[in-house]
Amino acid sequence: MSQVITDKNGVKRYLITLSVNGDAHTVLVKGNAILVNVLREELNLTGTKKGCELGDCGSCTVLLDGKPVDSCMILAVEADGREITTIEGVAANGKLDIIQESMINHAAVQCGYCTPGMVLSAKALLTKNPHPSEVEVREAIAGNLCRCTGYVHIVEAVLAASRGEIAPADQH
Amino acid sequence: MYMPDFEYHAPKTLAEACTLLAELGGKATVLAGGTDVLHKMKVGKLSPEHLVSLKHLDEIREIRYQEGRGVVLGAITSHNAIYTSKLLQERFLSLPMAAHTMASNQICNMGTLGGNIVNGVPSADLPPILIALGATIRLVSTRGERSMALEDFFFGSAETVIAPGEILADITIPDQETTGSTYMKFGLRRSGALAVTGVAVSVTVAGDTLREARIVLASAAPTVMRARAAEDFLRGKKISDELLAEAGELAAAASRPRDSIRGSAEYRRNLVGVLTKRALRKSIDEGHV
Chain P
1 MSQVITDKNG VKRYLITLSV NGDAHTVLVK GNAILVNVLR EELNLTGTKK GCELGDCGSC
61 TVLLDGKPVD SCMILAVEAD GREITTIEGV AANGKLDIIQ ESMINHAAVQ CGYCTPGMVL
121 SAKALLTKNP HPSEVEVREA IAGNLCRCTG YVHIVEAVLA ASRGEIAPAD QH
Chain C
1 MYMPDFEYHA PKTLAEACTL LAELGGKATV LAGGTDVLHK MKVGKLSPEH LVSLKHLDEI
61 REIRYQEGRG VVLGAITSHN AIYTSKLLQE RFLSLPMAAH TMASNQICNM GTLGGNIVNG
121 VPSADLPPIL IALGATIRLV STRGERSMAL EDFFFGSAET VIAPGEILAD ITIPDQETTG
181 STYMKFGLRR SGALAVTGVA VSVTVAGDTL REARIVLASA APTVMRARAA EDFLRGKKIS
241 DELLAEAGEL AAAASRPRDS IRGSAEYRRN LVGVLTKRAL RKSIDEGHV
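If you read the sequences in order, they're chains P and C. Under this note's numbering, the first residue of the first sequence carries the number 1, and numbering increases by one thereafter. Under this note's numbering, the first residue of the second sequence carries the number 1, and numbering increases by one thereafter.
Among these hints, one or two may not hold up.
[As the list claims (entries may be wrong)] Below 20 Å or equal to it, Euclidean Cα-Cα: the simulated SDA-like pairs (lysine to any residue) are:
| hint | chain 1 | residue 1 | chain 2 | residue 2 |
| --- | --- | --- | --- | --- |
| 1 | C | LYS40 | P | GLU42 |
| 2 | C | LYS282 | C | SER240 |
| 3 | C | LYS55 | P | VAL4 |
| 4 | P | LYS30 | P | ASN9 |
| 5 | P | LYS12 | C | PRO4 |
| 6 | P | LYS30 | P | GLY66 |
These are computed hints drawn from the structure, not numbers from a lab.
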């Protein structure tokens with residue numbers, strides 16, 4: 001395991017390395033540090049949101065070795081050495097991902113709180129399955145709760161992105 | 001959200017994990033996927049002095065076929081690893097489907113088969129179909145190992161026979177003659193919902209005769225339970241809709257559901273009858289689905 005540092009009160013801290021969006025970050029954390037808090041507070045990656053903090057709502061979704069997980073239910077020490085993608089790592093060189101462009105153009109964002117997690121779940125789906133059915137899209141985002149839009153625009157946006165389109169069909 | 005303090009351990013081997021658990025005694029809790037343990041710690045139901053993580057134990061992460069034994073599933077296999085396993089999809093698709101429908105994609109990437117079993121709650125989705133398929137489990141500790149039928153593991157809600165210091169290592173689905181199996185769950189939503197009630201069945205069909213059936217109920221009693229009266233009733237009978245409906249009524253009569261926020265006892269008992277009848281029909285007609 002990673003290096004352990006014990007302070008004069010006997011509290012143990014762990015020197016872990018998180019590979020986040022391609023950059024290696026070495027951080028010192030207590031055993032009970034939760035991944036979402038380390039991402040937000042230590043690495044200042046506040047795009048990952050905290051909602052229920054109990055693994056129900058999906059607003060804290062990140063990709064761990066390419067797979068969507070709830071970062072509120074993972075100890076930071078458990079993510080030592082793993083590849084993490086947060087919403088900050090989805091756009092490349094200042095250019096939004098096609099899923100993000102498509103969600104903007106489909107008005108699939110209202111309050112925006114679920115959006116980072118929603119984009120990451122969609123990103124993982126399209127990476128694995130570039131041409132999903134509507135059912136597959138709905139299943140992929142079933143762990144991301146949106147209380148604003150009712151999912152219709154979100155599903156349309158992801159399906160459009162899978163076809164390489166970013167504008168809604170009725171604007172063609 | 002508050003998270004209690006604890007000391008974290010991540011042993012490199014199963015043997016090392018057993019030694020550590022033996023040393024720490026009742027002060028330690030085993031951490032696998034974290035979806036139950038960390039949840040309990042966050043809501044204040046659990047506050048162990050030590051967490052022993054199984055994350056490095058690749059030896060209990062794989063799904064493989066072992067000649068003469070059957071399909072062996074490591075305890076820290078994730079639900080999505082079960083869902084996407086070609087081996088399981090070809091032999092017992094009913095298990096991947098049960099793993100797929102149990103929770104969100106995120107939770108299915110995190111949660112483990114062993115956790116779903118050891119947690120011991122009657123609404124767990126994997127034990128019923130595994131018991132229907134006659135699964136056995138292997139528990140290991142510094143004192144050695146013991147194997148048992150999965151159905152003998154549970155004796156109350158969240159109460160199991162696992163002893164302090166023991167780790168669930170793997171689950172085996174033996175080679176068998178069954179011709180079909182399925183798990184039917186009724187939840188309040190299509191996805192991410194706990195079972196109001198679920199029914200798993202396996203059947204052995206020969207021509208128009210039901211030679212053998214197993215019926216296992218989730219969220220219908222304080223523990224996952226077999227509906228033995230219904231199984232005995234079906235043995236060797238000629239298959240008909242009336243027969244399956246009668247088996248459903250026997251299963252419902254044997255169930256001991258409770259009233260809860262997800263459904264009344266009366267509603268659940270009715271569901272047991274309906275789901276048993278439908279699950280039997282589906283597995284007779286469609287095989288392992």
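Restraint check for LYS12 (chain P) with PRO4 (chain C), where alpha carbons must lie at most 20 Å apart: 14 Å, holds
Pairwise hint evaluation, GLU42 (chain P) against LYS40 (chain C), where the allowed Cα distance is 20 Å at most: 25 Å, violated
Agreement of LYS30 (chain P) and ASN9 (chain P) with the hint, judged by alpha carbon distance not exceeding 20 Å: 13 Å, holds
Holds or violated: LYS55 (chain C) to VAL4 (chain P), with C-alpha atoms at most 20 Å apart: 18 Å, holds
Pair hint outcome, LYS30 (chain P) versus GLY66 (chain P) [Cα-Cα no greater than 20 Å]: Roughly 25 Å between the alpha carbons, so the hint for LYS30 (chain P) and GLY66 (chain P) is violated.
Satisfaction of hint between SER240 (chain C) and LYS282 (chain C), Cα-Cα up to 20 Å: At roughly 13 Å apart (the allowed maximum being 20 Å), SER240 (chain C) and LYS282 (chain C) satisfy the hint.
Hints 1, 6 from the earlier list are contradicted by this structure; the remaining hints agree with it.
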